[in-house]
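Novice: So the chains spell out like this:
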Amino acid sequence: MVPLSYYLILAAILFVIGVAGFLFKRNIVTIFMSVELMLNAVNLTFVSLSYSLRQLDGQIFVFFVMVVAAAEATIGLAIIITVFRNRESLNVDRIDLMKL
Amino acid sequence: MVLHDFFFYILAAIILGGGILTITRRNAVHSAIFLVMTLIGVAGLFLHLQAEFLAAVQVFLYVGGITVLFLFVIMLVNLDEAAKQRQFNRQWGLALGCVLLLVAEVGYFLYQGRDSFSFAESSGVLLQNNTQAIAMSLYGDYLLPFEIASLLLLVAIIGAVVMAKKQI
Amino acid sequence: MQTSDLIRILPEIILAVAGIVVMLLGAFQKQNAGRMHPAIALLGLLGAAGAIAYQYPWRSLDPAFGGMLELDAFSAFFHILFFLVAALVVLSSSEYVAQERLASGEYHALLLFATMGMGLMASSNDLIMIFIGLEISSLASYILVGFRRGVATSSESSLKYFLLGSFATAFLLYGIALMFGATGATNLTEIHLALQAEQNTVTAMASPQLTPLVGPVPTALVGLSIALLFVGFAFKVSAVPFQIWTPDVYQGAPTPVTAFLSTGSKAAAFAVFLRVFMVALEGSAQDWVWLLWVSGLLSMVLGNLAALLQTNIKRMLAYSSIAHAGYILVAFTAHSEEGVAAVMFYLAAYALMNIGAFAVVSHFGNRGERYVEMEHYAGLGYRAPLLAASMTVFLLSLIGIPLTGGFFGKFYIFRAALHADLVWLTVLGVLNSAIAAYYYLRVIVFMYMHPAAEQIPVERVRPAMGFVLIFSMAATFLLGIFPQAVLDFASQAAALLLENLGNGVL
Amino acid sequence: MWLIPILPLLGAALNGLWGKRLPLRGIAAIAVGAVACSFLLALIACLSLGDATRMEVYFPWIAGADFQVDFNLYLDPLSAVMSLIVTGVGLLIHIYSIGYMSGEKGVHRFFAYMNLFLFFMLTLVLAGNYLLLLVGWEGVGLCSYLLIGYYFRREDAADAGKKAFIVTRLGDLGFLIGLILLYTTFGSLDYLVIFPEAAQFPVDSDGSGTLTLIGLLLLAGAVGKSAQIPLYVWLPDAMLGPTPVSALIHAATMVTAGVYIIARSSPIYVQAPEALMVVAVIGCITALYAATIGILQTDIKRILAYSTISQLGYMVMACGVGAFGAAVFHLMTHAFFKALLFLGAGSVIHAMGGEQDIRKMGGLRKKIPVTFWTFLFASLALIGAFPFAGFFSKDEILWRTFTSSTGGGRLLWVLALLTAGLTAVYIGRLVFLTFFGESRADPEVASHIHESPKVMTIPLIVLAVLSLIGGWIGWPRFLGGSNHFERWLEPALAAPAAAHAAGEESLEFLLMGLSLAVAALGVYIAYYLFLKRREAADRLAQASGGIYRLLLNKYYVDEIYRFLFVKPLVMGSTEVLWKTLDVGAIDGAVNLAARTTRSLGNALRKIQSGNIRSYAGWVVLGALLLIGFMVTAAS
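Protein sequences appear in the order of chains A, B, C and D. Residue numbers for the first sequence follow the numbering used here, beginning at 1 and rising by one. Residue numbers for the second sequence follow the numbering used here, beginning at 101 and rising by one. Residue numbers for the third sequence follow the numbering used here, beginning at 269 and rising by one. Residue numbers for the fourth sequence follow the numbering used here, beginning at 775 and rising by one.
Okay, chain A solo, but in the shape it has when bound (with noise of 0.2 Å):
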């Protein structure tokens, strides 16, 4: 039996590949895809956590965070679109037009 450390550490480096993602994309609909992968990473860790804890709390909660995460997607591709209508670019190293 693979031990739930395994999945733990599994979830992690998936979460750690979210991030690298996020950090290191430049098109705006990839990072965006990162976060996904991040969030299959948390949901990772509950299903294997409930299923040591024989606790369904965990599974749950995984169906609300893909519940979130649906509405986070229709919500951050419409944002998507209205930025492309201003900019006409995806490129998130462009959208910089407020610092300092």
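Hints were generated in silico from the structure; no laboratory data involved. All residues carry an ideal CB built from backbone N, CA and C; glycine is no exception. All the pointers check out, no bait thrown in.
Which bits of chain B does chain A cover? Going by a derived footprint, with three or more residues having C-beta under 8 Å, they are:
no.	stretch
1	110 to 123
2	130 to 141
3	145 to 155
4	171 to 177
5	199 to 207
6	238 to 249
Take the given structure of chain A and dock chains B, C and D to it, following the hints.
Specialist: Just chains B, C and D now, kept in the frame of chain A:
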């Protein structure tokens, strides 16, 4: 048991491979495809952990819903320009350092806490009939968040309409 | 579920219904809809406030929905604060909405939903509800920030807020997941008990057929989880080092929305922050107190120093709001009953004066927010004496001059900090509030001591806006002269919040 | 009693809101009327006070279980004297302002601020607890800021206002922390609770206890408000405000708030001798230091400003040696003559059409006689000439310093005596250069010199009379008086136990003579250098015979003088004190602080690059730090 472990490693490889490819591909469409790969891998692990309901939702909602949404947007906006550019920004070294440090720290904590976790021999009573149990729970203890979640979706709908519609 | 459960969330129900009505109104009635929206929103807020008041006294209410919600005096305090903030924002934005041709129905609906989410945050006693409430208010705020769709800065700040917000949410969620792993619970009270007993709830409740699976709470996981939760909440209250989004978002957002974010959202985030850390994680206070200490100090210093250099008023107020988050964290660091009360009082005082200040900025900004630079305020004291006078009052209160609410806010904060033996933090805090005086005064100097450089139109103040200004001014003075009632309320709420802990009562 | 502070507030509100539509006469009537009424009320209250003290509680302000503060006013001899000074001098200055400010724009604003200032000042003075005092304390600072910056079209005036506000706020920080400490120590901020309790405390002889700390923190506030070293820098700059403001706020009332707070807290200070020692030393050094700077200034108002700092130093020093009564006495006489000096200076400036440089004045004695005579009275009072008011108070301070049991009392006395001499020099120089000799003004200006209108001269005359007789109520015992004043004050002030050895009367007489002699010497030096020498120089131009010898003689004396007096003075005053300390060290420190802030802020702005990814990077970095901290905490 060996088979069980074998599944885990296969799925882990899929998840990590998909994740890494998601963030390294230049083309956003490719990224989305690899994201799907990761998501399906995660769904597989859910199954593995006796969370059948979540596995199904993961496929429907994430793969079927969110990723398709991503693809829509990618098609909708012109990404040709973005594809040609360098994908990594200049401070990648610094960022990489941050990321590695994060790995180290999280890993350290998990290592510290490792003794507390071990899978006992599986199939506890609670996890039988997963979908039914979750349904009972959702409409029992978690009724309030479940209902409120509908408002969350409503907010998302209004928001998306406000932001994306051409004219209000 | 019982009727009493429904009554507990009656305020939220009323708000949700009002929100839906506001939104649907446009579908049935094309004319005059714009005028009806604020009225219905206000009615909804009033009704919700009434629903809170109806349940007085809040002391004896049981938890609702199986411990999911806790409508105690603490959450009642914040509910009332949110409703007040939302009502003032609705009133002060009526001009703005018309001027910028915003979609009035959706605007008000989202405001109401955001308020509802904040109300849920204040009263939820479970990480799931906290998460959902937080997300409702956040999602609504993301949209509200980008509500001026045609304006590049607005959509840009919306994008920044959204991306960084969901980034921080992921951290928060990871923290919640690990906390769940460590304690086996998401309910705050259960987490508290688990941490206190150093045993996770699964073990504690293990039924005979289940052999106890997991032993003591792994402290290392708790530590990591606390750090991650801290990231999530500190981001929402814009405390250093997670303040970085604040100036850009506050600057780009429509001014009334900025007012809403800097007061309502911040207060809601603090409410959750307090409840999670003071209720669930009280036991490991010796660890996180230092996080608060450092974060509070840095917030004050960074916020004030950066604000010194700003020329855009909205941006300056954004930096100042970081600094104010720092002051609040000082009281939080005391992690005592007095400290919690001080945080609550300060949030109330800050909300009133800041909304007032933003109302002036919003009114004076004119169409398209053209006049938001410091130099535009030159000579305002002579062209619009009342507007300038009210701005002066708000700024003086932000400085913390006696006879204004800001003074007592700071006074209570530093008192709480001193009682908790945080001498250095207090001294540094007081020093910071001295620095802060400088940039607020600069605005006053511009208003009264500079000749007007160019003719900038100052529109007549409409009744709704006038009411907001007068109300905030009166409330600011009231809190500065008779702070007792509000402070008593806050102290009772804080005592109630913490007293259950001592007894270990669920 | 509550009407005393409220009336000026009403006046301020009326003028502030509707003053724009009123004619000058109406504005003045409101402002002056309000102050006059409150003066009368204060007078009645004080007369009916007798030997008692009165605490009037109006309503609870903050009523917590463990913390209660009321809105209460406290009238005892100390606050009575203060409120009489504030309203009385305030009234005269208000009347004077009618003349001085006529023709300016926005007079209603000016009077509204002035009335508002009086409201806060009276709140400060009459407050029955430290919190209400703080309200007044902050309020007067704010009004002073508004009034200094009154001429907002002058960039430097606005800057000076800001400087004043910021610098005094530095001291206020200490004050605020002191208050919180007071509260945590005594559990209350009420005078009537704190003072009896403080008396129960053991005397803090080694300076390590809470009371010493409280004393030092309150002193920090006083140093800021009363412009003592090192926070005095704002006061000279504050002279850019209208002259009546300088007279009211920066000479007579607000700057004395620091002295007041020390005197008010005397029960705390007497239990903390170490804190008192610090008070005395700061006061003494300030007195001497400001006097040396005053000698070489050329702006008439700046001279007076340094003089004010110096005299405040005197008062603080008096407090420091435990002679609180003497300090308050000097505070009162100083309020009379310094207000008069400022108003006189204002009259001179008015006459000269705005000229403030004394090198361009001269010979004004004949042209503005009323101003001259009143100014002379005030100067004599400042020097401490018998029987002017300043004589009694200054002599009392010197005497108490001399006999003080505090270590180094003699040294303080020597320095104070030296200060007295320097005071005579600089004020003598001011008088001689301004009123005597030939006119050095531009002919065009000179032709317009005229006496000020009655509304301005009458307050001058009243103040001149007060400068003469104001000290007589403190007529010392050895001159046949009974020093009513200090005896009256006694119940309000604590005295250090057995602080003063009973001095012999003959010794006191001797010291008095000495101080008079020093003053006379100072005046003579001033006369010699700034009046006579100039005349000699003029004669040189006229007559050519025998000049050489005269010149040589002059030169010779000059050289000696230069060697003995001027050179050290010039060196000391200009090079070391003025340039190095004032401009170099203090302004430098301020500039350094500003620069550091600026560069720090710039660094912050670099962080705020506007780039989302770098923002996310900061978030991650923050998370790393947090987690890292928790790692170290866990292991």
